[in-house]
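2 protein chains.
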Amino acid sequence: MIFTPIKSMKVYEQVIEQIENMIMDGTLKKGDKLPSERELVERLQVSRTSIREALRALQVMGLIESKQGEGNFIRLNFDESLFQPLSIMFMLQGGNPEEIMEVRKLIEVETASVAAVKINEEQLESLRKLSDAFKISEDENVNAKFDKQFHYEIAQAAGNFLIINILNAMSSLMDSFLKGARKKILVNHENLKALAEQHIRIYQALKSHDPEMASREMNRHLDFTNAYIKKNM
Amino acid sequence: MIFTPIKSMKVYEQVIEQIENMIMDGTLKKGDKLPSERELVERLQVSRTSIREALRALQVMGLIESKQGEGNFIRLNFDESLFQPLSIMFMLQGGNPEEIMEVRKLIEVETASVAAVKINEEQLESLRKLSDAFKISEDENVNAKFDKQFHYEIAQAAGNFLIINILNAMSSLMDSFLKGARKKILVNHENLKALAEQHIRIYQALKSHDPEMASREMNRHLDFTNAYIKKNM
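First to last, the sequence lines map onto chains A and B.
Residue numbers for the first sequence follow full-length UniProt numbering, so the first one is 1 and each next one is one higher.
Residue numbers for the second sequence follow full-length UniProt numbering, so the first one is 1 and each next one is one higher.
Errors might be hidden in some of the hints.
Listed next, the stretches of chain A that the computed footprint assigns to chain B, with coverage defined by at least 3 CB atoms under 8 Å from CB atoms of chain B [unchecked claim]:
hint: 1; segment: 9-22
hint: 2; segment: 100-107
hint: 3; segment: 133-139
hint: 4; segment: 148-157
Below, a list of computed lysine-lysine pairs in the DSSO-like style, where the Cα atoms sit at most 27 Å apart [to be verified]:
hint: 5; chain 1: A; residue 1: K30; chain 2: B; residue 2: K179
hint: 6; chain 1: A; residue 1: K148; chain 2: B; residue 2: K105
hint: 7; chain 1: A; residue 1: K105; chain 2: B; residue 2: K145
hint: 8; chain 1: B; residue 1: K145; chain 2: B; residue 2: K193
hint: 9; chain 1: B; residue 1: K193; chain 2: B; residue 2: K207
hint: 10; chain 1: A; residue 1: K67; chain 2: B; residue 2: K231
The following residues of chain B were derived to be distant from chain A, with all beta-carbon distances above 10 Å [stated by the list, open to error]:
hint: 11; residue: G26
hint: 12; residue: S47
hint: 13; residue: S87
hint: 14; residue: F90
hint: 15; residue: K129
hint: 16; residue: I136
hint: 17; residue: D210
hint: 18; residue: R216
Everything labelled a hint here was simulated from the structure, so no lab data went into it.
Cβ coordinates follow ideal geometry from the N, Cα and C atoms, glycine included.
With the hints as constraints, model all of the structure from the sequences given.
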């Protein structure tokens, strides 16, 4: 006979579970307004404190957002929500920044190959504009944004929500753990020229809808940036 | 002149931020005990309600755990913490279960290649035992566990904390979204035989420390299981 210890669930945890279940079964959708605190108290027959604790927790998790005077809503945009816990766990586990680069490369190289098959004309046009803008600008903060956007749009073209989320999380991790080194690469004029050329080659591979060429060019690009970041860590 | 809107931060958010910062700068480590609620009230000069809201949120995020009568501790094990928010966001974004399989394959194929280089004798021995056990058992629940463990230990051998976390999250997503289909594969006797052989081939590739063979065998294995799951979704 196998007994498993009985876990007592606190009231606020039960409130969270009910809300999560309503999301999982489709009753609550993106942008939906939650019932007011008072309504939740009545419907769930628990104290206002428990309701408030549950709502706070859901806010911190990034699942709902509270709008002043309007109430609580299921969030529309989750791009950043995964980052905070991942970043803290990464720190607690004694993670090594090189692991971030390893994962990023592993995912982006494959993503480029998927994107080469799926990318449409509009997405290609946007990538062309971004790589042109990157070539012209000499401001490292502006270039950092163009660079991020370039990689983000390739992930979007690959059309997999999980990949976009994982890459966003990796990008935020790199920002916190490798900020200095990541920016340094964009200050040097020689590097900028090399990076701009690499972006254009990636763009051309995507435009030719050539998966192998796209992953090869992305691989080369990330080997270049990772080597530079490691040297400057 | 660029103005950015000033975000008002609620008291409980400031409490969370202080605790998160203490983790990020290394003051708080895994397993450490947090000060008591009363002590936090005194040190941070805020209400007990705000402290309690912050602690609840950190518990729900999976960052701290509260032990009856002992207080709050930074958690030791985060393997499951990322899953709940990811799963809910996946649902809200209208994610397609095929995306989970795509990401899993993308990561595991590369992970097998990294593991082939890094794996040690002890890890190989454990994988050998797991694939033998999988071959002998005919209970699908037991086999599901052996299968998960087999893949988990390969990720461990690759030695990247982020990869382990991402794969755990994908595995949990598959459990919630593809439970039926994933178990079905383990009921059929023919499949079991094929899977057992695939595991042994992966093991042999790792034992030969051959990265290309390892990723090829992992690729073949996941194409087989993904095709079966898709047919039975």
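Query raised in the report: Looking back at the numbered hints, which does the structure fail to meet, lowest number first?
Result: The structure breaks hints 3, 4, 7, 10, 11, 13 and 14; every other hint is satisfied.
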